[in-house]
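Asks: The listed protein sequences correspond, in order, to chains W and F. With full-length UniProt numbering applied, the first sequence closes on residue 128, and no number is skipped along the way. With full-length UniProt numbering applied, the second sequence closes on residue 128, and no number is skipped along the way.
The set of hints was computed from the structure by calculation and includes no laboratory data. Treat the numbers as computed from the prediction; the structure is a model and nothing was measured. Possibly wrong hints are sitting among the right ones.
One copy or two, it doesn't matter: identical chains are merged, so the pair holds either way.
With a straight-line cut-off of 25 Å between C-alpha atoms, the simulated SDA-like cross-links for lysine to any residue are [to be verified]:
id, residue 1, residue 2
1, K9, Q27
2, K52, I4
3, K52, S33
4, K60, S17
5, K52, N5
6, K64, G86
7, K52, P72
8, K60, R23
9, K64, F87
10, K64, E39
11, K64, E51
12, K52, Q27
13, K9, F38
14, K64, G40
15, K9, S33
16, K52, T12
17, K64, A41
18, K64, F38
Number of protein chains: 2
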Amino acid sequence: MADINSIAKQFTDFYYSTFDTNRSGLQSLYRDSSMLSFEGAQFLGAAPISEKLTTLPFEKVLHKVTTLDAQPSSPTVASLIVSVTGFWWLMTAQIHCSSARFSSLYLRAGVTTYTMISSVSTMARKLS
Amino acid sequence: MADINSIAKQFTDFYYSTFDTNRSGLQSLYRDSSMLSFEGAQFLGAAPISEKLTTLPFEKVLHKVTTLDAQPSSPTVASLIVSVTGFWWLMTAQIHCSSARFSSLYLRAGVTTYTMISSVSTMARKLS
Numbered sequence: 001m002a003d004i005n006s007i008a009k010q011f012t013d014f015y016y017s018t019f020d021t022n023r024s025g026l027q028s029l030y031r032d033s034s035m036l037s038f039e040g041a042q043f044l045g046a047a048p049i050s051e052k053l054t055t056l057p058f059e060k061v062l063h064k065v066t067t068l069d070a071q072p073s074s075p076t077v078a079s080l081i082v083s084v085t086g087f088w089w090l091m092t093a094q095i096h097c098s099s100a101r102f103s104s105l106y107l108r109a110g111v112t113t114y115t116m117i118s119s120v121s122t123m124a125r126k127l128s
Numbered sequence: 001m002a003d004i005n006s007i008a009k010q011f012t013d014f015y016y017s018t019f020d021t022n023r024s025g026l027q028s029l030y031r032d033s034s035m036l037s038f039e040g041a042q043f044l045g046a047a048p049i050s051e052k053l054t055t056l057p058f059e060k061v062l063h064k065v066t067t068l069d070a071q072p073s074s075p076t077v078a079s080l081i082v083s084v085t086g087f088w089w090l091m092t093a094q095i096h097c098s099s100a101r102f103s104s105l106y107l108r109a110g111v112t113t114y115t116m117i118s119s120v121s122t123m124a125r126k127l128s
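Next up, chain W with everything else stripped away, as it sits in the complex (with noise of 0.2 Å):
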């Protein structure tokens, strides 16, 4: 388990500090039939999903990761899923504003790459 727990926390630390500092390095994670939800739209392959995640009308956010729980997401294939939650702010035009998040990950973990198979983010509904 520590391994599966250790490519997790890898994984999670890239996501979203690459999130946070520079959104277009995020579409070498994801291939042709990846498939992102985001707010319930979805977007399948490489190209929409990295233009979804560059697109979004918001220049800066700050994540904070409060859990993560990693699973071999198959007895057969060297694959696992990830769930994090936690929080993000975003900062637009100097206001500050803070919203609960949550999110679902799910990847396929090569050699020595990761390779998001989908990904599941509902990250700016509230929950209160």
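For chain W, the structure is supplied; the task is to place chain F on it using the hints.
Replies: Below, chain F without anything else, positioned relative to chain W:
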């Protein structure tokens, strides 16, 4: 996509209504290789998962699902990932207790049955 969303909706309705009224009925959804993460602890196999779910320290709970996202989780195998978020209310000793809740569920859908490969619940950790 309609079919996947319909399956996910059926599954979610069944899962949470069973959770709220007859938790032991959830065991049939799991197989021996299924894994449940619950509040950071992991349980492998249908029997240990069911034991965990049926011995949670509360008797009554009511779930309210607020978001539901479904995606295929493989281009080759009939399987899907379902992400559910919402609230839950605990009812113990007539104390009304509300808590933000979020969970992520992953399942393979068979022809007539649902089998959970893995599920991640982070229900009791409050977001705010």
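Asks: Taking 25 Å as the upper bound on the Cα-Cα distance, should K64 and A41 be classified as within, between, both, or neither?
Replies: Answer is both: 23 Å inside a copy and 21 Å across each meet the 25 Å cutoff.
Asks: Using 25 Å as the alpha-carbon threshold, which applies to K52 and S33: within, between, both, or neither?
Replies: within (16 Å within a copy, 36 Å between copies)
Asks: Pop the pair K64 and G40 into one bin, within, between, both or neither, using alpha-carbon distances up to 25 Å.
Replies: both (22 Å within a copy, 18 Å between copies)
Asks: Quick one: K52 to N5, C-alpha cut-off 25 Å, is that within a copy, between copies, both, or neither?
Replies: For K52 and N5, the Cα distance is within 25 Å only across copies (22 Å; inside one copy 29 Å).
Asks: At 25 Å max between alpha carbons, let me know whether K9 reaches S33 within a copy, between copies, both or neither.
Replies: Both: 24 Å inside a copy, 23 Å across copies.
Asks: Can you give me the call for K64 and E51, within, between, both or neither, at a CA distance of at most 25 Å?
Replies: For K64 and E51, the Cα distance is within 25 Å only inside one copy (23 Å; across copies 33 Å).
Asks: Pop the pair K9 and Q27 into one bin, within, between, both or neither, using alpha-carbon distances up to 25 Å.
Replies: Intra 19 Å, inter 30 Å, cutoff 25 Å: intra-copy only.
Asks: As a check of your reading, is K64 near E39 (CA-CA no more than 25 Å) within one copy, between copies, both or neither?
Replies: both (19 Å within a copy, 18 Å between copies)
Asks: Can you give me the call for K64 and F38, within, between, both or neither, at a CA distance of at most 25 Å?
Replies: Classified as both: same-chain Cα gap 18 Å, cross-chain 21 Å, threshold 25 Å.
Asks: Indicate which option fits the pair K60, R23 if close means a Cα-Cα distance not exceeding 25 Å: within, between, both or neither.
Replies: within (10 Å within a copy, 43 Å between copies)
Asks: Checking an output row: K52 and T12, CA cutoff 25 Å. Within, between, both or neither?
Replies: The answer is within: 20 Å in one copy meets 25 Å, while 28 Å across copies does not.
Asks: Is it within, between, both, or neither for K60 and S17, if the alpha carbons may be no more than 25 Å apart?
Replies: within (12 Å within a copy, 40 Å between copies)
The structure meets every hint from the earlier list without exception.
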